[in-house]
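> Sequence:
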Amino acid sequence: MTDYQKATSFAELHKATLECARGVRWKDSVQEYLRNILPRTITLRNDLLRGTYKIQPYIRFYILSPKRREIVSTRLRDRIFQRSMCNNGLYRNITQGFIYDNCACQLGKGLHFALNRLQCHMQRMYRKTGPRAYALKLDIKKFFPSIPHTIAKAAVAKRVSDPDFVRHVYAIIDSFTDPRPPAEIAADPFGPRGIALGSQVSQLIALAVLDDIDHYIKERLQMRYYVRYMDDLVILHPNKDVLYHCMLTIEAKLAAIGLTLNPKSCIYPVGQGVLFLKQRFIFTASGKVIRRITRQAISRERRKLRALHRLYVAGKITGSDVNVHFTTWAAHMAHANSRGVIAAIKQYGKMLFGQRSEI
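Residue numbers for the sequence shown follow our numbering, so the first one is 18 and each next one is one higher.
The reader is advised that the hints may include incorrect statements.
Stated by the list, open to error - Restraint-style ranges between C-beta atoms, simulated for each label pair:
#1 Lys363 x Ala204: 38 to 44 Å
#2 Thr60 x Arg86: 32 to 38 Å
#3 Lys235 x Gly40: 32 to 38 Å
#4 Gly304 x Ala171: 41 to 47 Å
#5 Gln364 x Gln22: 57 to 63 Å
#6 Ala171 x Met18: 26 to 32 Å
#7 Leu124 x Pro198: 39 to 45 Å
#8 Lys333 x Ala204: 24 to 30 Å
Just so you know, these hints were derived from the structure itself, not from any lab.
Every residue, glycine too, gets a C-beta built ideally from N, C-alpha and C.
Model the full structure from these sequences, guided by the hints.
Spelled out as structure tokens, the structure:
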């Protein structure tokens, strides 16, 4: 049995349905699907076996924090099939060649893994070179909307051997429409662009697009202290000129696949603090690495609490909802050296909601 045959089996599609419903059973659409889970699973499997399966129209909406982004939500039926593909070989095929410091959207990795890896790199570098070092902070301009479909397909074809998996992933890539005028698309040497945020497969595609550059940085440029979280890259090195050469080389490599660096990309002394994923990493005099929450993150949480307070006063949410939000935020920030900040924000919340509130 091939990976694709297993992914389209009734048992695996049923298992994927239950996994996709986890945590969102309160949604009407999910409840309606689960009420008819057996016939719907059979119908989905039959469509896949007959070759009549089509991706349903996406649900599009915007998030505003930390910046305005369009999210393309996959319908539950399509999400189930994509989860089953990932469970049965697609995830393994795409990720098995990734470097260890490629940190996003993988089992056992994530945001805190990336933060811990940067802290580990800084500690190791300090033991070798001391505090006099530099950080190269790179960010790719409009990463997801700028990914060319041809480059995304090439990245998938290089890593996935099952032709049925490749065919369906290609269909997913083609389903993301390029919003530019047709004349502009025709004039672009890379053709249509854009991989939408919102599904596991699209995240894996985006990771694979930069995988060759990861290996180039690690193996050809021999940058030992390197970490990447999706399109945020940090390289540490004691020589500023070496980092400048790296930046120019990486910029050329990105241009070859139709991507460009954000103008905010820069080189600066590590002594100023390394900013990565909304935290600032600072050396103490003894070489210890301290992680601080940025002022922007603190201000954003205060604004969020004020917005929740307005909803609370209007009767649209309960005190328990506010407590869940604050507890989640505090648990995330507790990974940094932030006891004082958490206590101050908690006090600010009690000022808004009352001293007897659940915060």
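> For every hint, state whether the structure bears it out.
Each hint, compared with the structure:
About 54 Å separates the C-beta atoms of lysine 363 and alanine 204, a value inconsistent with the hinted range of 38 to 44 Å. At roughly 33 Å, the beta carbons of threonine 60 and arginine 86 sit within the given window of 32 to 38 Å. About 35 Å separates the C-beta atoms of lysine 235 and glycine 40, a value consistent with the hinted range of 32 to 38 Å. The supplied range of 41 to 47 Å is met by glycine 304 and alanine 171, whose beta-carbon atoms lie about 43 Å from each other.
In this structure the hint that glutamine 364 and glutamine 22 lie 57 to 63 Å apart at CB holds, the actual value being about 58 Å. For alanine 171 paired with methionine 18, a C-beta distance near 28 Å keeps the hint of 26 to 32 Å intact. The given range of 39 to 45 Å is respected by leucine 124 and proline 198, whose C-beta atoms sit roughly 40 Å from each other. As the Cβ distance of lysine 333 to alanine 204 is approximately 48 Å, the hint placing it in 24 to 30 Å is violated.
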